[in-house]
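S.K.: This is what each chain is made of:
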Amino acid sequence: MLGPIEIEVIRNALTAAAAEMDVTIWRTSRSTIVRELLDYSTAVFDAEGNNLAQSARIPSHLNSMSHFLRELLDKWVDPESWGPDDVVISNDPYCGGQHLPDITAFKPVFHEGRRIAFVGALCHHIDVGGLVAGSYAAKAIEIFQEGLRIPPVKLIENGRRNEGVWAMIRQNIRKPDLLLGDLQSQIASLEVGAIALRRLAARYGADGMIEAGRRILDMSEQAMRAAISRMPDGTYEFTDWLDDDGIDLDKPIKLHVALTIKGDAISVDLSGCSPQVQGPTNATLASSNAAIMFAVMSACDEPFAANAGCYRPVSTIAPEGLVVNARHPAPVVHRIAVTHRLLNAMFGALHQAVPDRIPAAYYGNSYVCTFQTVAEDQRREVLVEIEIGGTGAHPKKDGVNALSSGMHNNSNIPIEMIEAQAPLTITRYGLLPGSGGAGMRRGGLGLAREWRIDSPRCFFTANMDRFVHAPYGLAGGGPAAVGRLVLVRDGVESPLPPKSDNVPLQRGDRVRLETSGGGGFGDPARRDAAAVARDRALGYVA
Amino acid sequence: MIERPIRIAVDIGGTFTDLQVLDGRSGAVQAWKTPTTPEDPSIGLLRGVTEAAARFGFALEEVGLLLHGTTIATNAVLERKLARGVLLTTAGFEDVLEINRHVRRELYAVDPDPFPCLIERDRRLGVAERLRADGSVETPLDEASLPTLLARLDALETETVAVCLLHSYRNPAHEQRLKALIGAARPELPVSLSSEVSPEIREYERSSTTVLNALLVPVVKAYLGRLEARLGEGGFRPLVFLVQSNGGVCSLRTAAEQPARLLLSGPSGGALAAGRIAQLLARPNLVAVDMGGTSFDVSVVQGGRVSVVTQGEIDRLPVRLPMVEMRTIGAGGGSIASVDHGGRLTVGPRSAGARPGPVAYGRGGTEPTVTDANLALGRIDPEYFLGGAMRLDMPATRAAIAEKVGTPLGLAVEAAAQGVLTVTNASLGAAVRLSLFEKGLDPRDFSLLSFGGAGGLHATDVATEMGIREVIFPREPGTLSAYGILYSDLVQDIARSRVLPAVPASLGEIGALLGALRAEADARLAQDGVAAAARLLEVAVDMRYHGQAFELLVPWGDVAAPDAAALATLVQRFHTIHRQRFSYADEAEAVELVTLRVIAIGRLPKPDAAEAPPAARPALKGSRRVFEEGAWRDIPVWDRDALPAEDRIIGPAIIEEAFATHWIGRGWAATRAEAGALIARRDA
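Note that the protein sequences, when read in sequence, are chains C and A.
So that you can map any letter, position 508 of the first sequence is 508 in the numbering used here, and since no number is skipped, the others follow by simple counting.
So that you can map any letter, position 104 of the second sequence is 104 in the numbering used here, and since no number is skipped, the others follow by simple counting.
Hints listed in this document are in silico derivations from the structure and should not be mistaken for laboratory results.
Some hints here could point you the wrong way.
As the list claims (entries may be wrong) - Quick list of in silico lysine to any residue cross-link-like pairs, SDA-like style, CA-CA up to 25 Å: (1) A/K221 <-> A/I635; (2) A/K33 <-> A/R355; (3) A/K439 <-> A/R355; (4) C/K396 <-> A/K439; (5) A/K81 <-> C/A537; (6) A/K439 <-> C/I187.
Stated by the list, open to error - The following residues of chain C were derived to be distant from chain A, with all beta-carbon distances above 12 Å: (7) R161; (8) G272; (9) E381; (10) G444; (11) F467.
Here the structure is a predicted model, which is why all the values come from computation and not from measurement.
Each residue gets a CB set at the ideal place from its N, CA and C atoms; glycine is no exception.
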């Protein structure tokens with residue numbers, strides 16, 4: 001029987017193992033999306049696939065890998081024939097994943113002939129084939145257009161490459177060297193994790209590892225239950241909206257949450273959400289659960305070790321065929337939009353339970369846009385930008401201007417770097433006065449960014465939301481401004497559709513994006529006079 | 001330039017001003033300590049020097065060199081005691097400073113604080129002008145609006161101006177013209193240009209660095225003014241140099257114009273000492289750990305060189321200037337141990353700090369800390385803390401550990417205290433392991449260099465955890481920074497960004513740029529009085545594969561007018577470093593140069609230090625009851641200063657000195673080595 005000290009040392013060592021796996025991917029991966037946007041995560045699981053420790057960089061990955069691994073063990077891979085030298089990969093949302101660009105690799109770890117753990121690594125890959133480069137088509141209407149679907153398959157079997165699988169992947173994607181290079185770094189990271197776990201097992205034995213895993217999960221569950229118990233019982237409902245799916249315009253998508261706190265457990269009923277849509281604004285359960293867990297864990301009043309023990313007190317009701325639990329073959333690549341809005345809705349419901357803790361809505365959106373410039377000599381450069389907005393006002397604080405929030409977490413690209421590399425000029429980049437919701441606490445400001453095309457031709461692709469349905473305020477606070485996307489050509493402004501593929505642009509055109517701020521909190525009339533004066537002096541209000 | 005024989009290094013910390021005095025005639029190195037005078041640190045400095053002169057028997061006029069480490073810039077930023085500044089930017093980009101890079105650090109926080117922004121929106125003024133990425137002018141500087149601008153500066157009661165225009169790293173003309181125009185109209189107003197402070201690509205990092213610099217100029221100038229006024233008293237007229245973040249020192253003039261270079265100088269002294277010890281003990285691979293009250297800092301000496309990076313940060317604000325590479329975790333003697341609702345024991349990152357401090361200090365602390373755990377187990381002597389300067393409260397400490405850790409976990413006081421140390425040492429070990437792992441290095445190839453007030457109690461246990469077989473305890477671990485400073489050189493970093501393909505066609509531009517940078521470097525050293533024979537120039541280049549968004553620093557040696565072969569060598573070296581750090585290289589891929597750097601070193605003479613003989617008193621002080629391996633035992637306590645070279649101290653043992661206690665764990669044996677260091681080795 002291990003004491004509490006050993007348990008904490010093992011818990012730290014598991015986290016350190018996930019961190020070493022993380023560093024391995026950072027050190028060995030090839031593509032910019034993995035290495036510079038840091039769009040990857042690593043994790044350590046117990047022998048049943050429950051997440052014990054993770055080194056997650058992106059909230060949408062948090063708490064989703066365990067779901068995937070358990071689905072694989074339940075339905076797709078025979079655990080008895082999954083040996084210590086077999087690496088299984090998949091990217092299929094309909095086998096437990098999120099969307100096709102995210103390929104996850106798993107490997108079991110054995111000690112003295114017993115399976116004691118799994119290690120896993122998830123990377124967002126730069127391209128997995130399909131309709132458009134980058135595999136982020138805004139107009140796909142079925143998953144087959146979104147790229148190569150890899151069912152759960154042994155990429156490495158008995159320590160040897162399954163060459164047929166490698167060849168199959170290579171033949172179906174646009175940047176095979178980058179993707180296969182990144183896959184190799186995932187495999188290297190699994191090995192680093194396995195070595196770290198075997199080092200621990202040599203000290204504590206297979207029984208010790210299994211006991212430690214069980215108790216680590218129990219402790220997090222207990223802490224989570226204690227935190228939930230401190231929230232008042234009741235059922236809390238909230239609805240927020242996505243503008244549309246890019247196909248059926250003017251048809252908003254409903255995200256309705258009925259959240260019930262009862263004692264030390266929470267159940268989240270998503271039955272009131274819209275049916276799945278034609279376009280890629282759908283999510284599978286792996287994605288939706290990531291948003292739910294993120295919301296609940298953020299709302300707790302005590303930090304605790306994030307692992308699968310935290311999931312136990314939280315259950316989700318989500319009938320298949322809804323936008324939050326899409327049925328095959330719905331396209332899902334823009335699942336991040338669903339999770340952003342689901343998180344907004346979750347916070348709206350949680351606000352009713354713990355009103356002193358929950359902020360108004362953040363911008364709730366990944367403003368993804370791509371410029372593919374074509375020079376006179378046909379040379380092409382691709383710029384992918386992900387813009388952000390303001391955070392929602394908190395009961396005790398104003399929202400923060402321009403901060404990456406909620407389900408994603410990315411940095412901007414320096415203007416000077418963009419201009420040094422592509423025939424594009426940024427003609428404006430600044431905060432957007434008046435874009436934050438009014439309130440006793442003001443919402444953070446969104447921002448404005450404007451690109452000018454300096455090449456003869458350019459193709460523009462966008463996938464954005466919150467152009468109709470504004471981020472909400474709470475407790476009497478006002479909503480934030482909605483976004484705007486406009487084309488300025490020959491001095492004339494016209495709106496650009498926020499979900500579009502390959503819009504042709506020409507030299508001198510300017511594209512201007514204005515993003516939403518965050519909602520306000522509390523009655524604006526109760527805002528402190530000094531804060532009002534400061535807003536005016538700093539030009540935070542229009 | 002150093003004919004007067006005494007050299008003094010001063011490291012001014014929050015509580016104490018540490019001095020190390022080297023007498024060039026005898027080679028003797030001696031230490032002195034005096035309380036810091038926060039209202040004007042130069043008072044304490046001079047008092048310390050005067051006291052040391054009396055104590056060690058030298059005259060103030062014999063002091064030729066004063067090497068000065070100061071946290072004045074750092075503290076001014078942390079406490080926001082800064083000048084009232086205005087930032088001038090390219091019109092339309094006034095908010096770059098506030099938007100920063102917009103990544104959040106706390107993933108789950110629902111009430112994030114904004115990143116600090118030192119110049120608010122109403123004090124950031126746009127200037128109509130625009131340069132392109134190649135340095136050509138798209139919109140000329142609007143000089144006609146100067147009167148309006150000056151009126152705004154007056155109305156804002158401006159004490160200092162920062163200027164950061166887009167692409168000024170490529171073409172400084174607009175920034176220089178603005179400075180000239182403002183200087184002509186307001187000659188008293190200091191102006192910091194981004195093209196002078198940090199001429200590197202990436203507008204936010206350059207703005208941040210320039211703003212910090214501008215806001216510090218009046219503060220640091222005032223301090224240096226006070227310091228200079230005191231020089232001359234009693235014949236004290238040394239040449240003064242200040243410690244910079246990059247592990248070197250600079251002249252007063254450089255410090256006054258570019259105070260941002262002092263911002264992250266805190267770790268420089270320790271790293272310099274690590275470099276010096278690596279050389280003296282012939283241990284080229286050291287991982288240096290500095291454990292104090294609140295933090296644990298890890299730096300790496302590899303192949304005899306201290307690892308340096310091109311950017312650091314202070315209070316979440318980036319400083320794009322070279323600094324010693326450091327990994328810091330929030331674990332120190334003051335880290336608080338607690339048990340959460342799930343029954344989990346955590347240590348840190350909350351800290352009791354100096355006030356109230358550990359329970360043992362008896363200053364109102366109620367939460368047990370790492371220091372308390374060490375005391376409860378007998379590893380620290382309650383009667384001999386800080387050489388007996390402070391008595392520790394053992395009963396209160398044991399009671400707090402029982403209440404906050406033991407009872408919730410169902411453990412006796414001793415097991416609870418031991419648990420706190422076990423958890424702490426495991427996380428210290430993980431930090432060290434990660435620092436090496438991310439560079440592709442193996443801990444077993446390294447010795448651990450332990451210093452800082454709390455380091456000695458944990459070092460052998462951490463090393464055991466990591467598979468490191470040798471631990472070095474340098475002499476006077478609490479004042480090691482000052483010792484490092486004693487052996488520093490003048491170092492001037494000059495950089496300029498220019499994104500260029502690494503192909504022979506770029507050689508003309510590279511050569512011209514290098515020529516200009518080298519000439520500037522040489523001139524700066526000459527200005528600081530460095531003789532030509534003592535000057536050393538090194539070139540390094542930030543490079544990447546086309547499409548990557550970050551660069552690797554690649555040394556290029558003392559290259560002046562590179563030809564195609566020299567460029568090929570550089571590119572090859574880039575591939576090699578890339579492979580070492582990231583495990584692959586692609587020689588078919590296009591390589592780019594992003595920033596050229598010249599590191600100009602002015603070598604200061606380094607007289608050898610004499611070995612101090614052991615003190616003439618018994619080495620064994622006695623023994624103490626210590627809880628070790630599950631039982632209370634009598635553990636011998638040794639006096640470090642009296643240890644003869646031939647003694648071998650077998651662990652478990654305690655070695656004490658005035659301001660530190662060292663725990664030699666079971667399985668370790670310690671002996672005295674060169675330079676007064678103590679070396680512990682683990683049995684095979």
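S.K.: Hint by hint, note whether the structure agrees.
M.R.: For each hint, the structure was consulted:
{"no.": "1", "hint": "A/K221 <-> A/I635", "verdict": "violated (53 Å)"}
{"no.": "2", "hint": "A/K33 <-> A/R355", "verdict": "holds (21 Å)"}
{"no.": "3", "hint": "A/K439 <-> A/R355", "verdict": "violated (37 Å)"}
{"no.": "4", "hint": "C/K396 <-> A/K439", "verdict": "violated (42 Å)"}
{"no.": "5", "hint": "A/K81 <-> C/A537", "verdict": "holds (22 Å)"}
{"no.": "6", "hint": "A/K439 <-> C/I187", "verdict": "holds (19 Å)"}
{"no.": "7", "hint": "R161", "verdict": "holds (17 Å)"}
{"no.": "8", "hint": "G272", "verdict": "holds (24 Å)"}
{"no.": "9", "hint": "E381", "verdict": "violated (10 Å)"}
{"no.": "10", "hint": "G444", "verdict": "violated (8 Å)"}
{"no.": "11", "hint": "F467", "verdict": "holds (21 Å)"}
The structure shown violates the earlier hints numbered 1, 3, 4, 9, 10.
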